[in-house]
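**Student:** Spelled out, the chains give:
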Amino acid sequence: MNLTSLHDFLAMGGYAAYVWPAYAVFLAVLLADSLAPTVRRRQVLRDLRAQLARQAARRARKGGATIPGTAPSPSAPPPRSA
Amino acid sequence: MTHWIPLWLHRLSSPPTFYRFAGAVWPWAMGLALLAGAIGLYGALVLAPPDYQQGDAYRIIFIHVPSAWMSMFIYAVMGVASFVALVWRIKLAEVVAMQSAPIGAAFTFITLVTGSLWGKPMWGTWWTWDARLTSELVLLFLYLGVIGLYHAFEDRRQGARAAGFLAIIGVINVPIVHFSVNWWNTLHQGSTINVFGASKIAADMLWPLLVLTLATKLYYVASLCRRVRTDLLALEGGKDWVRTLAAREAAP
Numbered sequence: 001m002n003l004t005s006l007h008d009f010l011a012m013g014g015y016a017a018y019v020w021p022a023y024a025v026f027l028a029v030l031l032a033d034s035l036a037p038t039v040r041r042r043q044v045l046r047d048l049r050a051q052l053a054r055q056a057a058r059r060a061r062k063g064g065a066t067i068p069g070t071a072p073s074p075s076a077p078p079p080r081s082a
Numbered sequence: 083m084t085h086w087i088p089l090w091l092h093r094l095s096s097p098p099t100f101y102r103f104a105g106a107v108w109p110w111a112m113g114l115a116l117l118a119g120a121i122g123l124y125g126a127l128v129l130a131p132p133d134y135q136q137g138d139a140y141r142i143i144f145i146h147v148p149s150a151w152m153s154m155f156i157y158a159v160m161g162v163a164s165f166v167a168l169v170w171r172i173k174l175a176e177v178v179a180m181q182s183a184p185i186g187a188a189f190t191f192i193t194l195v196t197g198s199l200w201g202k203p204m205w206g207t208w209w210t211w212d213a214r215l216t217s218e219l220v221l222l223f224l225y226l227g228v229i230g231l232y233h234a235f236e237d238r239r240q241g242a243r244a245a246g247f248l249a250i251i252g253v254i255n256v257p258i259v260h261f262s263v264n265w266w267n268t269l270h271q272g273s274t275i276n277v278f279g280a281s282k283i284a285a286d287m288l289w290p291l292l293v294l295t296l297a298t299k300l301y302y303v304a305s306l307c308r309r310v311r312t313d314l315l316a317l318e319g320g321k322d323w324v325r326t327l328a329a330r331e332a333a334p
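Chains F and P, in that order, are what the protein sequence lines are.
Going by our numbering, the residue at position 55 of the first sequence is 55; the numbering climbs one at a time, nothing skipped.
Take any residue in the second sequence, count from 1 to its spot, add 82: that is its number in our numbering.
Please note that the accuracy of each hint is not assured.
Restraint-style ranges between C-beta atoms, simulated for each label pair [what the hints assert, rightly or not]: (1) K62(F) <-> L248(P): 41 to 47 Å; (2) G230(P) <-> L10(F): 38 to 44 Å; (3) G230(P) <-> A32(F): 42 to 48 Å; (4) Q55(F) <-> I229(P): 28 to 34 Å; (5) A32(F) <-> V169(P): 30 to 36 Å; (6) H270(P) <-> V39(F): 45 to 51 Å; (7) P21(F) <-> Q271(P): 16 to 22 Å.
Residues from chain P that keep clear of chain F, each with C-beta distances beyond 12 Å, as calculated [as the list claims (entries may be wrong)]: (8) R141; (9) A213; (10) T216; (11) N276; (12) A304; (13) C307.
To be clear about the criterion: a stretch of chain F counts as covered by chain P if any three or more of its residues have a C-beta under 8 Å from a C-beta of chain P, and this derived list gives those stretches [unchecked claim]: (14) 8-14; (15) 17-25; (16) 29-42; (17) 48-58.
Hint data in this document are derived by calculation from the structure and do not stem from the laboratory.
Given the structure is predicted, the values throughout are model-derived calculations rather than measurements.
We put the CB at the ideal spot given by N, CA and C, even for glycine.
Using the sequences and the accompanying hints, generate a full structural model.
**Tutor:** Rendered as structure tokens:
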């Protein structure tokens with residue numbers, strides 16, 4: 001592709017100001033949409049690991065001397081933070 | 083009660099199974115979407131000849147029409163998934179419905195913006211309150227309403243049920259969008275592509291349109307898989323399979 005035809009291509013027959021923004025919006029919106037789950041996944045896993053660490057610390061603090069009936073049950077779901 | 087549902091479908095609706103399944107599916111769907119997208123864009127911008135009336139401005143059709151189809155298709159998926167979720171209380175159906183909404187809203191937004199950018203040089207206006215444009219705008223508001231209602235509840239499953247109900251009511255708008263160009267006088271041009279019968283478009287313009295339609299469909303599958311996977315992790319945070327997974331991914 002030589003420079004003239006590249007210039008013609010970019011000019012879009014005089015409609016460059018409409019065609020290129022349309023394609024840019026299409027690509028930008030879909031790019032943002034595809035980044036969203038990555039960001040959220042990282043957040044969810046980070047929160048979850050922090051929660052697990054807190055629970056492990058709590059268990060370690062209590063040590064073996066748990067009072068009957070107050071021991072945290074490992075099977076119970078943790079309270080939702082968000 | 084649900085004995086007619088095939089066993090494999092039943093198993094697939096279990097969150098850990100679907101998590102793995104979606105994890106296997108999305109890289110292929112995304113790869114194929116990018117491939118089809120690249121081929122389609124090349125065909126749309128380089129190979130297809132200019133239109134005899136609209137010049138090169140008509141090239142917006144190659145992203146406008148696939149996005150518009152997706153805006154309606156995703157809404158229909160969301161409606162069906164919401165129905166399944168409300169009737170059978172299947173958690174995965176709720177997740178699929180609610181995670182479809184942002185993708186559908188994205189495609190509806192693209193449709194409106196690209197349509198506006200096409201309308202200015204061809205009709206001389208960015209916007210007009212005619213049937214097709216207005217009903218598509220209502221579709222965007224329906225998506226935003228579903229997303230907003232879903233997040234308005236403290237309890238996510240309760241929110242999903244309320245938003246699912248709204249989604250089902252809003253399904254009525256999908257045929258209105260589709261048939262608006264036939265039912266009312268409108269500035270918007272009629273259907274170019276005809277499933278039953280001859281399409282009003284040349285073959286070298288048609289194939290990029292169809293390839294890009296395929297690309298947007300595949301993209302939806304990939305994006306939905308990724309969103310559903312993430313949401314299942316958040317929803318099932320108390321379960322062993324998620325805790326194991328979180329601990330395993332902590333290493334790097």
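**Student:** Hints first: check each against the structure and report whether it holds.
**Tutor:** Outcome of the hint check:
1. K62(F) <-> L248(P): 41 to 47 Å: 46 Å, holds
2. G230(P) <-> L10(F): 38 to 44 Å: 40 Å, holds
3. G230(P) <-> A32(F): 42 to 48 Å: 19 Å, violated
4. Q55(F) <-> I229(P): 28 to 34 Å: At 32 Å between Cβs, range holds.
5. A32(F) <-> V169(P): 30 to 36 Å: 34 Å, holds
6. H270(P) <-> V39(F): 45 to 51 Å: 36 Å, violated
7. P21(F) <-> Q271(P): 16 to 22 Å: Since the Cβ atoms of P21(F) and Q271(P) sit about 21 Å apart, the hinted range of 16 to 22 Å holds.
8. R141: The claim breaks: R141(P) does not keep its Cβ more than 12 Å from every Cβ of chain F (closest is about 5 Å).
9. A213: 22 Å, holds
10. T216: 20 Å, holds
11. N276: Consistent with the label, N276(P) stays out of reach of chain F, its closest Cβ about 24 Å off (over 12 Å).
12. A304: 8 Å, violated
13. C307: Check fails; 9 Å does not lie beyond 12 Å.
14. 8-14: It holds: at least three residues are needed, and the stretch 8-14 of chain F offers 4 whose Cβ sits within less than 8 Å of chain P.
15. 17-25: Answer holds; 6 residues pass the 8 Å Cβ test.
16. 29-42: Held - the stretch 29-42 of chain F has 10 residues with a Cβ nearer than 8 Å to chain P, which meets the minimum of three.
17. 48-58: holds (count 4)
Comparing the model with each earlier hint shows violations of hints 3, 6, 8, 12, 13; every other hint is respected.
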